[in-house]
Amino acid sequence: MLLPLLPAATLLLAPACAVFSDEAWNVDYHFALLGAPKEETSFFHRPNPSSKASLIYTLSEEHALGAVNPRDGSLVWRQLLASGGDSHNTSFLRAGEGQDVVISGIGSEVAAWSAADGRLVWNVHTDGPLEDVEILELSDGKETVGAKDAVALSGGEHPMVQRIDGASGAVKWQYSIDGSDAPYQLSASSTEVFAILIHKTILGYVKLRVVALDPVTGLKTDEYMLSSENELATADNIISVGANSASPIIAWTDAAHTTLKVNVVGTKSISSFSIEKHDENAIERVKLHAPYHINSLAHFLVHYETATSHWAEVYHIDLKNSKVEKAYSLPRVAGRGAFSTSTADANVYFTRVTRDELSTVSSASHGLLGRWSLSSFGVAGGVGEVIEPVHAVSEVSVKGDTVSAIRTTVLLSTGDWVLLRDGKAIWTRPEMLASTVAVTFAMPADMVTLAQQLEVEAHGNPVAAYIHRVQRHITDLQKLPSFLVLMPKKIVQGFLGTSADDAAGSDIFGFRQIIACATRSGRLVALDAGHPDRTLWNRDVTDLKPGQSWRPSLSSTKDGVIQVSSVAGTGVDYNATDGQQLAGDLPVIPDEPDLSTSRAVRYTMRGNSLEATYDWSPSWTFTPTHGERILNLVPRPVDDPVASIGKVLGDRRVLYKYLDSNIALLATAHDASSKANFYVLNTISGAILYSNTHPNIDLTAPIPTIMSENWFAYSFTSEASPDTTKGHHLVIGELFESLLPDHRGAMGASSNYSVLHTPASDPFTLTQTYQLPEPISRLAVTRTRQGITSRQLLAVLPASNALVGIPYGVVDPRRPVGRDATKDEQAEGLMRYAPVLELDPKWYLNHQREVVGIKEVVTAPALIESTSLVFAYGLDVFGTRLSPSFSFDVLGRDFNKFQMLATVAALAVATFVVTPLVMRKQVDQRWRFL
Amino acid sequence: MKAYTVISILLTFLCSLSAALETEHTVDILAWPLSAPKGATLAKITYNSTAATVKSYTQPKIPSDDDIVRIGYYHPSGSWSGIATAASNFAPEKSKILLLHLNSDGELYHVGFRASDYGSSSAASHTKDGLSVELVKVRPGPTPHLNKPVVVNADGTVPSKEPEKTFLQKYWYFIAGFLVLQVVMSSGKGE
Chain A
1 MLLPLLPAAT
11 LLLAPACAVF
21 SDEAWNVDYH
31 FALLGAPKEE
41 TSFFHRPNPS
51 SKASLIYTLS
61 EEHALGAVNP
71 RDGSLVWRQL
81 LASGGDSHNT
91 SFLRAGEGQD
101 VVISGIGSEV
111 AAWSAADGRL
121 VWNVHTDGPL
131 EDVEILELSD
141 GKETVGAKDA
151 VALSGGEHPM
161 VQRIDGASGA
171 VKWQYSIDGS
181 DAPYQLSASS
191 TEVFAILIHK
201 TILGYVKLRV
211 VALDPVTGLK
221 TDEYMLSSEN
231 ELATADNIIS
241 VGANSASPII
251 AWTDAAHTTL
261 KVNVVGTKSI
271 SSFSIEKHDE
281 NAIERVKLHA
291 PYHINSLAHF
301 LVHYETATSH
311 WAEVYHIDLK
321 NSKVEKAYSL
331 PRVAGRGAFS
341 TSTADANVYF
351 TRVTRDELST
361 VSSASHGLLG
371 RWSLSSFGVA
381 GGVGEVIEPV
391 HAVSEVSVKG
401 DTVSAIRTTV
411 LLSTGDWVLL
421 RDGKAIWTRP
431 EMLASTVAVT
441 FAMPADMVTL
451 AQQLEVEAHG
461 NPVAAYIHRV
471 QRHITDLQKL
481 PSFLVLMPKK
491 IVQGFLGTSA
501 DDAAGSDIFG
511 FRQIIACATR
521 SGRLVALDAG
531 HPDRTLWNRD
541 VTDLKPGQSW
551 RPSLSSTKDG
561 VIQVSSVAGT
571 GVDYNATDGQ
581 QLAGDLPVIP
591 DEPDLSTSRA
601 VRYTMRGNSL
611 EATYDWSPSW
621 TFTPTHGERI
631 LNLVPRPVDD
641 PVASIGKVLG
651 DRRVLYKYLD
661 SNIALLATAH
671 DASSKANFYV
681 LNTISGAILY
691 SNTHPNIDLT
701 APIPTIMSEN
711 WFAYSFTSEA
721 SPDTTKGHHL
731 VIGELFESLL
741 PDHRGAMGAS
751 SNYSVLHTPA
761 SDPFTLTQTY
771 QLPEPISRLA
781 VTRTRQGITS
791 RQLLAVLPAS
801 NALVGIPYGV
811 VDPRRPVGRD
821 ATKDEQAEGL
831 MRYAPVLELD
841 PKWYLNHQRE
851 VVGIKEVVTA
861 PALIESTSLV
871 FAYGLDVFGT
881 RLSPSFSFDV
891 LGRDFNKFQM
901 LATVAALAVA
911 TFVVTPLVMR
921 KQVDQRWRFL
Chain B
1 MKAYTVISIL
11 LTFLCSLSAA
21 LETEHTVDIL
31 AWPLSAPKGA
41 TLAKITYNST
51 AATVKSYTQP
61 KIPSDDDIVR
71 IGYYHPSGSW
81 SGIATAASNF
91 APEKSKILLL
101 HLNSDGELYH
111 VGFRASDYGS
121 SSAASHTKDG
131 LSVELVKVRP
141 GPTPHLNKPV
151 VVNADGTVPS
161 KEPEKTFLQK
171 YWYFIAGFLV
181 LQVVMSSGKG
191 E
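Chains as they are written, first to last, in the UniProt record's numbering: chain A, 1 to 930; chain B, 1 to 191.
The hints are simulated quantities; they were obtained by calculation from the structure and are not laboratory data.
Just so you know, these numbers come straight off a predicted model, no measurement behind them.
Do not rely on the hints blindly, as some may be mistaken.
To be verified - Lysine to any residue pairs mimicking SDA-like chemistry, simulated, CA-CA at most 20 Å apart:
| id | chain 1 | residue 1 | chain 2 | residue 2 |
| --- | --- | --- | --- | --- |
| 1 | B | LYS148 | A | GLN771 |
| 2 | A | LYS726 | B | LEU146 |
| 3 | B | LYS137 | A | ASP762 |
| 4 | B | LYS137 | A | GLU357 |
| 5 | B | LYS148 | A | ASP723 |
| 6 | A | LYS842 | A | TYR29 |
| 7 | A | LYS320 | A | GLU357 |
| 8 | B | LYS38 | A | HIS626 |
| 9 | B | LYS94 | A | GLY727 |
| 10 | B | LYS137 | A | ALA667 |
| 11 | A | LYS842 | A | ASP762 |
| 12 | B | LYS148 | A | SER521 |
| 13 | B | LYS137 | A | SER674 |
| 14 | B | LYS94 | A | ASP723 |
| 15 | A | LYS424 | A | GLU357 |
| 16 | B | LYS137 | A | GLU628 |
| 17 | A | LYS558 | A | SER521 |
| 18 | B | LYS148 | A | ARG815 |
| 19 | A | LYS268 | A | GLU223 |
| 20 | B | LYS61 | A | TYR833 |
| 21 | B | LYS137 | A | PHE764 |
| 22 | B | LYS148 | A | ARG832 |
| 23 | B | LYS137 | A | VAL836 |
| 24 | B | LYS137 | A | ASN696 |
| 25 | B | LYS148 | A | PRO618 |
| 26 | B | LYS137 | A | ASN692 |
| 27 | A | LYS855 | A | HIS626 |
| 28 | A | LYS424 | A | SER887 |
| 29 | B | LYS137 | A | GLU223 |
| 30 | B | LYS148 | A | SER673 |
| 31 | B | LYS148 | A | TYR833 |
| 32 | A | LYS726 | B | THR143 |
| 33 | A | LYS207 | A | ALA170 |
| 34 | B | LYS148 | A | HIS473 |
| 35 | B | LYS148 | A | TYR29 |
| 36 | B | LYS61 | A | ALA821 |
| 37 | B | LYS137 | A | LYS207 |
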């Protein structure tokens with residue numbers, strides 16, 4: 001009896017579950033990124049010495065320290081390290097063999113982190129900036145079984161070497177380096193610690209000074225100068241100073257890369273090798289790869305690179321007489337390559353990654369232990385771009401004479417970080433997105449073409465439009481076969497799928513826009529907002545020198561086109577769908593200035609003042625008073641549609657908004673009196689429409705500002721004062737034409753006026769302040785196609801690594817203060833003012849994920865009115881789509897077409913079955929005795 | 001004691017008076033047509049933190065092909081601050097208002113300009129040849145409207161509420177009215 005009820009019960013349960021599983025993990029996406037890993041600070045390491053599982057550790061160029069699971073590429077933990085703001089930009093990450101901590105060094109801080117969960121174990125600050133950090137691997141048997149100690153070399157005014165206790169972080173000894181030589185690196189053998197210093201000779205050359213220290217007492221045992229003669233012009237020519245090996249070495253070349261000199265640290269003899277030229281191209285780079293373990297064989301590999309090819313040579317060190325000998329060489333291969341060193345017991349293996357091959361050799365002989373061809377790295381590149389490896393880290397396990405398993409993580413020239421297992425790409429991490437500097441949304445071109453064609457038909461004469469339409473349909477016929485093939489699938493999906501599934505490829509809602517990200521390394525990366533896990537294309541658009549940075553601005557001037565413009569260059573257009581450069585579409589500046597542009601008022605920030613030009617001659621100027629500096633200027637967005645010119649009150653009267661497309665919010669700071677001033681400017685005439693000043697502001701805290709529609713918002717952190725409370729404040733100001741309902745102020749309803757001829761009377765501004773539980777570092781606002789949907793204020797909360805969407809109604813400055821809302825106000829959605837704005841957990845767009853390091857949030861309208869696309873970047877990349885007024889024009893995911901059709905069918909059947917019964921019953925009723 | 005108070009009040013008054021006189025500033029407002037190489041003085045204005053007067057006004061000479069005029073002034077540091085307005089606004093029949101934006105220290109930081117066809121009655125005393133001047137002080141920024149704190153007694157206890165009125169105290173007039181009504185009714189019946 002109960003059995004038939006069971007399916008019915010499950011049917012009832014299914015919708016109940018749908019209430020809880022909302023769209024949280026479907027419409028939004030998040031990449032927890034680290035930034036491009038550095039070669040010298042990336043390695044495989046076992047967080048738990050007793051288990052064999054290892055993690056990949058890296059300290060990236062964005063100063064993010066983290067552990068990545070090699071199985072699926074997920075982030076295990078991460079810590080953002082402050083670089084201390086110095087331009088030095090050197091960072092170190094070391095892990096001792098069999099240790100459960102990793103030790104990082106950045107700026108002037110040495111810190112130990114638990115390898116398994118990333119918790120801080122200890123940290124030590126040095127006096128000067130760190131030059132090197134090493135882990136002391138002593139083999140004299142005297143060391144304790146526990147944590148291994150670290151040695152740190154710091155520069156600055158008093159350079160010194162410090163030995164730091166691995167368990168507590170206490171400094172065991174320190175040795176101050178005398179003389180004016182600049183500290184360069186540390187090197188540790190099993191018996192001694194060497195500090196390598198750079199000594200500048202009178203002739204301008206550099207020489208290497210080596211100070212040998214006793215690791216137990218920290219006393220100097222020896223000191224000597226290496227006779228590098230005149231070939232070492234700068235410290236850049238030092239290739240490597242090996243550390244933690246049986247015999248650490250120093251290697252350098254001359255400036256022209258013709259000879260390689262190698263010195264085993266601790267000896268004074270220098271072995272010299274001439275570098276053979278393999279092709280006509282000059283050698284650009286020489287790298288040295290040596291094992292990092294004290295018990296490993298004393299072998300190393302030298303990697304030569306020219307513009308077109310690379311090769312390598314393997315050298316052996318005879319430990320008895322400290323002689324260096326060349327053992328074998330690896331052949332020249334076109335393109336760039338990456339070598340990595342891995343050890344197993346005493347054996348050393350070198351793994352080579354080239355464009356199309358992965359191979360492993362033992363350091364002892366040149367026979368290949370394993371070789372895999374790489375068909376692709378599984379990442380998107382530019383059109384015709386050859387993706388090349390930049391650097392690699394490997395973990396090799398060898399059984400007998402063959403490699404039984406190999407895992408290699410490779411940083412590619414596209415910026416992706418890829419793990420190859422036995423030659424197959426297992427996962428990729430788009431680490432290039434961590435250095436995103438500019439972003440724009442663009443509609444895909446194929447969506448646009450149809451819209452354009454329809455436009456042509458709408459505006460042409462009827463006959464031409466008809467011919468055009470027939471032609472369009474004929475071309476569409478070519479797609480018929482593929483359409484027919486897809487038909488059954490589409491029908492099944494139409495019945496069984498939910499309405500929000502857009503797997504069919506069509507994008508009628510405009511959710512699948514292309515997000516173009518410009519990275520600091522000069523690449524342009526395109527993501528699909530609908531399928532963000534897939535990079536559409538990724539191409540190099542600039543020719544940046546190392547260390548050079550660019551500040552591009554991206555825009556989508558017309559649909560399907562992305563325009564990149566640098567500070568001093570004209571814009572270059574790219575096709576949004578495939579990244580092709582549209583050479584023919586380069587903007588050409590017309591000889592005759594266009595009337596529409598030349599009449600425009602343009603303004604720019606020059607020095608510490610705003611200067612505007614009208615007709616190319618200077619117009620208004622805003623110069624802050626002495627001691628006041630401009631923090632930022634946000635104009636109202638160019639594309640900011642507003643559906644209603646007024647706010648309808650509860651009694652059906654209207655408050656008219658002050659809508660002017662030429663207004664901007666300017667924030668300035670007066671450091672001496674710690675005041676912040678905010679001005680609303682008219683950007684045509686330069687007049688001030690509204691201004692206010694806040695005293696006792698913490699000017700070191702971020703002061704984000706935003707302007708949209710007829711309102712502005714800003715946030716700051718104020719110190720305690722008699723006037724206000726200490727804390728984080730969010731101020732909202734709304735501009736109205738008049739505060740009297742149904743009154744349009746002095747300008748009336750005149751549709752045409754110029755602020756220059758008849759300056760409109762100032763707007764009436766309502767402001768309100770809310771106290772926030774935490775600071776806001778960035779403000780943004782949602783945008784929809786026609787501006788009918790209410791807006792949400794997006795705020796980045798750096799303290800909780802979150803992004804919140806605050807509905808505008810909650811911070812409305814018209815909320816009644818000190819009394820409950822009247823009926824009319826309630827009808828409008830206003831509620832009683834509360835001084836503290838509690839951030840509702842439902843507003844957190846990131847849900848329980850930690851979105852770290854967000855610097856900027858961009859929004860774009862979707863094709864349907866209810867929805868706005870949001871994309872946040874900085875370190876992490878986070879995107880979602882928002883419906884501030886709920887999804888009123890699209891069915892939700894939980895709408896089940898099949899269920900609805902089944903219900904209709906069941907009702908039809910039931911009607912059909914029941915009709916005769918009812919008929920008979922009615923007839924029977926008639927025949928009953930009345 | 002009393003004399004002391006009087007003297008102190010007098011002194012304070014004098015001090016404030018002198019302070020008010022001291023903060024009197026003079027500024028030259030320039031009108032600068034776009035094509036002109038440099039600006040010409042439009043008005044000399046003296047102002048303090050509460051009032052401003054036009055000392056002199058010169059009708060600007062604007063070339064006929066210029067339709068935009070900049071109005072501004074030079075900061076003490078020598079940098080220019082100004083706005084743009086239409087040249088037609090300087091027509092003699094228009095009434096013109098010059099706005100001086102003052103910051104919280106009473107310092108001038110920006111100017112504004114307004115012209116209207118219909119005569120404006122405001123600040124007529126400051127008018128000179130159709131130019132009047134208004135001061136716009138920067139507003140203090142909004143602060144949160146905090147809830148009223150609970151005031152406690154000296155010993156830290158919350159003050160007890162006033163004792164509520166009894167039923168009789170609250171509604172005695174109803175009872176009185178009822179009684180009066182009864183009396184009136186009964187007297188009426190008696191007749």
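Verification of the hints:
| no. | hint | in the structure |
| --- | --- | --- |
| 1 | B:LYS148 x A:GLN771 | holds (16 Å) |
| 2 | A:LYS726 x B:LEU146 | holds (12 Å) |
| 3 | B:LYS137 x A:ASP762 | holds (14 Å) |
| 4 | B:LYS137 x A:GLU357 | violated (73 Å) |
| 5 | B:LYS148 x A:ASP723 | holds (15 Å) |
| 6 | A:LYS842 x A:TYR29 | holds (17 Å) |
| 7 | A:LYS320 x A:GLU357 | violated (37 Å) |
| 8 | B:LYS38 x A:HIS626 | violated (23 Å) |
| 9 | B:LYS94 x A:GLY727 | violated (49 Å) |
| 10 | B:LYS137 x A:ALA667 | holds (17 Å) |
| 11 | A:LYS842 x A:ASP762 | violated (38 Å) |
| 12 | B:LYS148 x A:SER521 | violated (55 Å) |
| 13 | B:LYS137 x A:SER674 | holds (19 Å) |
| 14 | B:LYS94 x A:ASP723 | violated (43 Å) |
| 15 | A:LYS424 x A:GLU357 | holds (11 Å) |
| 16 | B:LYS137 x A:GLU628 | holds (17 Å) |
| 17 | A:LYS558 x A:SER521 | violated (26 Å) |
| 18 | B:LYS148 x A:ARG815 | holds (18 Å) |
| 19 | A:LYS268 x A:GLU223 | holds (11 Å) |
| 20 | B:LYS61 x A:TYR833 | violated (54 Å) |
| 21 | B:LYS137 x A:PHE764 | holds (15 Å) |
| 22 | B:LYS148 x A:ARG832 | holds (15 Å) |
| 23 | B:LYS137 x A:VAL836 | violated (29 Å) |
| 24 | B:LYS137 x A:ASN696 | holds (19 Å) |
| 25 | B:LYS148 x A:PRO618 | violated (52 Å) |
| 26 | B:LYS137 x A:ASN692 | holds (9 Å) |
| 27 | A:LYS855 x A:HIS626 | violated (30 Å) |
| 28 | A:LYS424 x A:SER887 | violated (42 Å) |
| 29 | B:LYS137 x A:GLU223 | violated (72 Å) |
| 30 | B:LYS148 x A:SER673 | violated (30 Å) |
| 31 | B:LYS148 x A:TYR833 | holds (13 Å) |
| 32 | A:LYS726 x B:THR143 | holds (11 Å) |
| 33 | A:LYS207 x A:ALA170 | violated (33 Å) |
| 34 | B:LYS148 x A:HIS473 | violated (72 Å) |
| 35 | B:LYS148 x A:TYR29 | violated (44 Å) |
| 36 | B:LYS61 x A:ALA821 | violated (56 Å) |
| 37 | B:LYS137 x A:LYS207 | violated (67 Å) |
Against the hints set out earlier in the document, violations occur for numbers 4, 7, 8, 9, 11, 12, 14, 17, 20, 23, 25, 27, 28, 29, 30, 33, 34, 35, 36, 37.
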